[in-house]
Structures are given as structure tokens and as C-alpha cells.
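One-letter residues, chain by chain:
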Amino acid sequence: MTEQTPDVIGESQPRGKERSQWADVWRQFRSHKGAMMGAFVLLFITFGVTFGPYIWDIDPTKLDIRNKDWRPIYMPLFSCSWTDWCIPPESLERMKYGWAHPLGTDNLGRDVLATLIHGGRVSIAVGWVAMALAMIIGTAIGVASGYVKKLDGLLMRFTDLVLALPLLPLLLVIMLLFRDTLRASFGPELGIFILIVCVIGATSWMQTARIVRADILALKEREFILAARSIGTPPLKMVTRHLLPNVLSPIMVSATLGLATAIITESAISFLGLGFPSDFPTWGKLLFDATDRIQNFPERAIWPGLMISLVVLAVNYIGDGLRDALDPRIRGR
Amino acid sequence: MITFIIRRLILAVPTLLFISLILFLLLDLAPGDPMAQMPLTIPDEVKQKMREALGLGEPLHIRYFKWLYQFFVVEPGYFLDWLFGTNMMEGTQRVVSWQFRTPVFDTIIERLPQTLWVVAMAYVVGVLIAIPIGIISAYKQYSVFDQAGTLVSMIGFSVPPFFSGVVVIVIFSVKLGWLPSIYDTTHVVKDWESFKVQLMQMIMPVMVLALQTTAQISRYMRSAMLDNLNQDYVRTARAKGLGEWSVVMVHVLRNSMIPVVTVIALGIPAIFGGAIITEQVFKVNGIGQLLITAIQANDIPMVQTITFIFAVLIVVFNLIADVLYGVLDPRIRYD
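Those protein sequence lines, which keep their order, are chains A and B. All residue numbers for the first sequence refer to the numbering used here, where the first residue is 1 and numbers rise by one. All residue numbers for the second sequence refer to the numbering used here, where the first residue is 334 and numbers rise by one.
If we strip away everything but chain A, and leave its shape as in the complex, we get (with noise of 0.2 Å):
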């Protein structure tokens, strides 16, 4: 359904009209208004992670104990002095807050908004590498699976026997038991980060790679498989040229819920103790920390909470809206 179309259609066409595929999909995903609005969070967020260490060059990791435990520049917004809901005035007197720090500072005044952005960078380039490796091997799998009819028995019982593991105990252990061999030779924090990222990648790809066996075993019976087949074309140029264009669609679809599931994977391990070191916080790591001390610091656990929580939901409505826009059947209309 999505194979190009055939070149002399497109070249009987006036030059103005000419419309590519890439284009009618980008046409309709723009008419999804969750999906634009999730890929302008998914990009500020992004762009912030990135390039947020420039702007605000606070170190992350400098201990500051005489400026400990500042409260966010906000606070004053939620004072009053008719409920007890919210802060009476004078304990907004003694709380300590400014623009030198905008979202305070930790019970070892470190800057929460500098934790904040280098967590993200974490957190954020351990959900995009550890997809790409889930969809490189769903991909690689199911393009074998599909295409090559003796593997097809050996690598689905294979699949399926991956998803009847239970996922999340597994990588906690495997966290635990792998976690010192690599950080002793991969340094702390380069060595968590293979680690984890190998392990959500190894443990994601099942359903991808059922879905492009099914794709790829329904596009082996199209006819224009059958001429490129006719032609002489070999393997490898038939998978590269002529399958696994037409399997984009559903790898994007499942890259994005992979990105969403990483995120969130890498998060649970974090909060479960198990995932990167306090000294090099990712979202999930911060928001478990904070939560010892939530009563009296709540505004902590919140932040990294609602940056994963705001990602995922991005990324998930981005998904929603790419489904449609790939989807010619939708897109037609």
C-alpha cells in the first residue's frame, strides 16, 4: 500500500501538483493536533536537554550547604492566609528562594533546575539509543524471520520465548549482577549507561519484530516483488530496496512507542535503586531521592516526575498521530 508510486504516473503529472509521499504524510500529521503539539514538547524538551547546560552553567554535581533546601521562585504564588491549603506568610518568610536558583536547591545544595537538565540529557539519551537498538534488532529479526522461510520456525519460537520471560524482574537482576563488571571497565557512568541500554534494547524488540514478519510475509506475495524478483534483483538488494521501505510505516509506529516504553523502563530502574548512581542522576533516579523527603519537599519528586510523565505522553501522542498520517486508508481522506 505504500510501495512509491511508479515514476511515469508521477512525471504525467503538472510539475506544481507533484506530491510525494513524505509530504501527504506530513500533510496529515500536521492535522493531528495532539501529535504537533506532543512533537513541540518532545523537541523544547529535547532542544532544553541539549543546550540547556550552556544557558544555565550551574554545575550539577557543586555541594553547596550554606544554600541548601531553597524552595522554587514560585512559592510566593501559593501563599495566603484564609485556608490552611496554602503556605501562611510566615513561614514564607523564613523560606529561602530566588532566581539564583528558580527551582531551589537539595538537602546538599546542589541546584535542582542544573539536576533537572543533565538528568534529562540521561534520561532522554537512554530512551532514543535503547530504541534504535530495539528496532535494529525487531527490524533485523523480522526481516529474517519474514524473508528467509527456514528461519521463520526457530527465531518466532525464539520471539516467543523472550516475551514469556518476565521482563522487569529480569533486568533487575541483570542490572545487579552485570552492573560492576562494566563499571569497573567502562568507568561509573558510561558503564551504566551500555548497560542499560543494552539491556532495555535486548528485551524490547519482540514486537517489532513480529510485526514486520507479518508486513514482510504479506508484501512477499505482491506482484511487484514477484517482477523484482523476475528482474535478477539478489537478496540483500531485494530486503534493502524493495522490503524494508515499504515496512517503514510500522517500525516508526513502534519506535515511538519504543522510545515511550525505554523512557519509562529506565525510570522504574532508576526508582527501583537499581539503575544509574545518585551522583549522576537521570529523572527517574532524582524523583526516587526526592521522595524520602516529600512532605516537606514536594515540588522535588514533582519536577523529574512530570518531565518523564510530559515525555512520554509527547511521545505517545506522536505515535498516535504518525499511525494515522502513515496510514494511506486515513490519509486519503
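I should point out that these hints are in silico values taken from the structure, not numbers from a laboratory. Treat the hints with caution; some may be incorrect.
Pairwise CB distance ranges (calculated) [unchecked claim]:
{"#": "1", "chain 1": "B", "residue 1": "PHE412", "chain 2": "A", "residue 2": "LEU226", "range": "55 to 61 Å"}
{"#": "2", "chain 1": "A", "residue 1": "ALA132", "chain 2": "B", "residue 2": "GLN480", "range": "32 to 38 Å"}
{"#": "3", "chain 1": "A", "residue 1": "PHE158", "chain 2": "B", "residue 2": "ILE343", "range": "15 to 21 Å"}
{"#": "4", "chain 1": "A", "residue 1": "ASP327", "chain 2": "B", "residue 2": "ILE653", "range": "29 to 35 Å"}
{"#": "5", "chain 1": "B", "residue 1": "TYR402", "chain 2": "A", "residue 2": "PHE47", "range": "54 to 60 Å"}
{"#": "6", "chain 1": "A", "residue 1": "SER20", "chain 2": "B", "residue 2": "ILE488", "range": "31 to 37 Å"}
{"#": "7", "chain 1": "B", "residue 1": "VAL649", "chain 2": "A", "residue 2": "PHE224", "range": "41 to 47 Å"}
{"#": "8", "chain 1": "A", "residue 1": "ASP292", "chain 2": "B", "residue 2": "ILE665", "range": "47 to 53 Å"}
According to the in silico footprint, chain B covers these stretches of chain A (three or more CB under 8 Å from chain B) [unchecked claim]:
{"#": "9", "region": "256-267"}
{"#": "10", "region": "281-292"}
{"#": "11", "region": "299-311"}
Heads up, the beta-carbon is just placed ideally off N, CA and C, and yes, glycines get one too.
Starting from the known structure of chain A, fit chain B onto it as the hints suggest.
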């Protein structure tokens, strides 16, 4: 049908064996030593004896088969003994936890009620909320209700339980003080008052878990209903003068429930895994919390048993979902 079930059961055996082998090999790499916390004054040969008593020190394959024997023969035997008051398993070695020095299954049985109360209740509540939402959003597609339902389920998909849990704790126990933030598992329900206390402490964890269930199942319900609402048989039912209620709630709903029921069955094992996080947030000492502490304490037999039980649940519920699909949908024939 029977042959299909038997075939699937036979196929499940190698799957489970393979999973147990993977788990066993993986955990065998664990760096921890159960003797690490013993006093240094214990002589080495005694330590070696203690290791052997814990089942270590033998070659890998022997230990694996011993574990299999213990898991599949000894433990069910003990269960039967307990059930009928016999003692045919006396003197056999059970799977022993390294941190508690007691049989693993005793601890699991101890922790199971808490998990089941919270998790099972949450699942039931989630499904009960999700099905009407799905029906209404499909029947009134693109209405305000449908849009709101889509938004809520998007949020349910996106907000991880460790954040929604923390938020409800901040709102309902810190700010409002209505509900306790920690689940008290020693609480015993005796009368109406204590039942109310139990209900109060269950509300938050159940709601957090139910939000996720609702998000998923209501989406499935909605799309299944939408698929069926445009079918010819619905037009026929309306044409012969059936009331709108019986068209939607009897004809359409019964057909739409077929895929949804299988999804519900498939979701049950996943929610046990998801409960690990929720139990951690609300400090429920159930199975998930037991697993986390076992992982941190390097209690290999405990970790292995719990993860394997999760795997068994997944395989069993996959089987149940397949069988249910065949039972509910007469168009599906497995022969």
C-alpha cells in the same frame, strides 16, 4: 479443543524448562556469596560444609536438576502434605532462602495475600471501570466523553506508577490527610471499623494500578465495539425492531467482549510485574517488594523462584487466553 489444549500444555513444558535454564544460568553468574556475612572466625572447612548444605559447591548441571526437582516435585509434595495432613515429603530438601534460612515458598505464601488484595482488586476495579468507558466512547464516537476518555487513557499510558503514586500521596495524604500513605499489612479486618481502615489504605495503590489497567482495556473495548457497531448484523437487529439497549448491550457487547476477554487474561501476569513498583511506592510488603529485597540481598533461590513463578504465570495465562478465544468465538477452530 481438547487436543489443542493438550498440545499447548505439552509445548509449554519446554518453554518453561528453557526459561528456568536461562534464569538459572543468569543467576549463577551472580557475584554474591551467601557466606559473606558469616563471622570470620568460622573455619574454612566448616564454611565449605555450610555452602554444601545450601546446595552450592556442586557442578552446575547437578544443581540445576536439583533445583528443578525441588521446584516441581518437592514443593508441590509439601503443598499436598499441608493440604491433606500427610507427610510423604518428610526429610527432603526444600528450596531454602539464603536471607531468611527458611523455605522460599513459606515466605511467598506469607506475602501473597497482600499482593493479591492490592493487585487483584486493582485489576478488577480497572476492568470494571474500563468496560463501560469503552462502550460509551465507542457508541458516542468523537463526543466530548470519547475525547475525554482518550485523554485519560493517554495519561494512564504515559504517567508511570511511580509518579502517579507519588502525586496521589502528596495530594491525599500530605495535603489533605485523608488517606494513609503507607500500607499497613499487619492490619486485621475484624469489624466494620477495621474494614473501613483497610479500605482507606487500599484506595490509593488500587487506584494507581487501576488507572493503567483502565487506560489499556478501555482502548481495546472501544475499538472492539467500533469494529462491531458497523456490522451488518447490527443493522439487521435494528431493522427487526429491537430496542437500542438490547442491540448495543446484548448483540454488540457480546461480540466485542471476545477479543477484550483475551486481552484481560493476557494482562494479568503483566500486572504482577507492574505491581513491583506500586508496592515499592506504597510500602506494601507483597511479592514485588520481596523480590526487590531478595535482589538487593543476593538471595538467589528467592529471586529465581519468584521470577520463575512470574514466567509460569505468563505462560499459563497465554494458554488461558488462547483457549478462551476458542471457547468464546465459535468461528475459531483449532483443529
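Hints, verified against the model:
no. : hint                            : verdict
1   : PHE412/B - LEU226/A: 55 to 61 Å : holds, 59 Å
2   : ALA132/A - GLN480/B: 32 to 38 Å : holds, 33 Å
3   : PHE158/A - ILE343/B: 15 to 21 Å : holds, 19 Å
4   : ASP327/A - ILE653/B: 29 to 35 Å : holds, 32 Å
5   : TYR402/B - PHE47/A: 54 to 60 Å  : holds, 58 Å
6   : SER20/A - ILE488/B: 31 to 37 Å  : holds, 35 Å
7   : VAL649/B - PHE224/A: 41 to 47 Å : holds, 44 Å
8   : ASP292/A - ILE665/B: 47 to 53 Å : holds, 52 Å
9   : 256-267                         : holds (count 3)
10  : 281-292                         : holds (count 4)
11  : 299-311                         : holds (count 6)
The structure fails none of the hints (numbered hints given earlier).
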